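So the sequence shown is numbered by this note's numbering: it starts at 774 and just counts up by one.
Possibly wrong hints are sitting among the right ones.
[Unchecked claim] Okay, the calculated beta carbon distance ranges per label pair:
hint, residue 1, residue 2, range
1, Tyr852, Glu820, 13 to 21 Å
2, Trp824, Arg846, 32 to 40 Å
3, Tyr852, Tyr806, 31 to 39 Å
4, Ala794, Val1057, 51 to 59 Å
5, Asn863, Lys907, 39 to 47 Å
6, Ser951, Leu840, 55 to 63 Å
7, Arg847, Lys907, 46 to 54 Å
8, Val1073, Ala902, 45 to 53 Å
Just so you know, these hints were derived from the structure itself, not from any lab. Predicted model, so just to flag it, every value in this text is computed and none were measured. By construction, the Cβ of each residue, glycine as well, lies at the ideal position given by its N, Cα and C atoms.
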Amino acid sequence: MASLDEIPSVPMPRLTPLRIAGVYLVFGLSWIYLSDGVLWALTDDGEIRLWIEATKGTLFVLVSSGLIYWLTRRARHTYAETQGRLEKRNRELSIFHRIVRHNLRNVATVLTGRAEAAAEAEDPDPHLAVIERKSDRLRTLAEKASLLRGVSDDQSARRVQQDLCQAVTEICDQHRESDPDADIAVDCPDCIVTMVPARIGFAVSELVENAIVHAGPDATVVVTVDGDDEYFRITVDDDGPGIPDVERTAIEGTVEDVLDHSEGVGLWLVRLIVENAGGDLAVVESDLGGTAVRLTFARVEPDEDEEPAVTVPAG
């Protein structure tokens, strides 16, 4: 059983020098033995055989040159792609390091101050409550730091067959348990079975959580799943005051903007997940009066003989 955030790892073959040499060796030996067999079967005339051998040698040089050119060009292209992914990942890690460091510094300052105040106060409970909330914040940061390890790699672009409505419903059920005062609804057809990008479960869960945080404990949140033959969309609407400008930067801003503000860790990860999966993320006004965040992905139909996976919502 696979969840929205669990994808089987399929190693992609790389054109190493050894593999290029192996391909050339197989091609060369096959050419020699097969062509010689055909040549001897065609004629017994020595002069004709000599002419064919010369022609065959010329063709071998031309074809093998083309093969080597194609193999080395493909290897170079693979190298360039790998370099691009590494540079992108390093840039993302740099941003995340800056964000986490900023958050950790703020949380540590609050914890130190509250601990000192609790030690001196007659009633330490208010301070202890703040310490508990900040400790939860640290755990959340740790979880998101762990998730980042898999956001930038090839896993993010892979897909797994899912009943999207069932998956989104289970994610919302989790949030109903943790936020019982919030009104969380799902608007979805009976069944949308499609190939879903990896880690989209975290993205949906993070958007629902963010909506509840900014709209308040009695928030109204509606998660809508719809689509057509080409695309499917997941939209999270709320009735809150909207995403703060600092956190909106994590969705819409440039790399420099994110570094300057050092906020919105979760929303920034949502953005990475969507971009790495080739999707589109848009922030618009909600009919509920707050904000709507819409995720759009190209639709990929599953194989007919593949059964939809039973989903386990993102953690």
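A quick look at each hint next to the structure:
About 48 Å separates the C-beta atoms of Tyr852 and Glu820, a value inconsistent with the hinted range of 13 to 21 Å. Separated by about 33 Å at the C-beta atoms, Trp824 and Arg846 satisfy the suggested range of 32 to 40 Å. Between Tyr852 and Tyr806 the C-beta distance comes to about 33 Å, which sits within the given range of 31 to 39 Å. For Ala794 and Val1057, the hinted distance range of 51 to 59 Å is satisfied, since their beta carbons lie about 55 Å from each other.
Taking 39 to 47 Å as the suggested C-beta distance range, the pair Asn863 and Lys907 does not conform, at roughly 30 Å. Range check, Ser951 to Leu840: about 59 Å between beta-carbon atoms, so the 55 to 63 Å window is met. Range check, Arg847 to Lys907: about 51 Å between beta-carbon atoms, so the 46 to 54 Å window is met. Taking the beta carbon of each, Val1073 and Ala902 are about 47 Å apart, inside 45 to 53 Å as hinted.
Checked against the numbered hints above, the structure breaks hints 1 and 5 and satisfies the rest.
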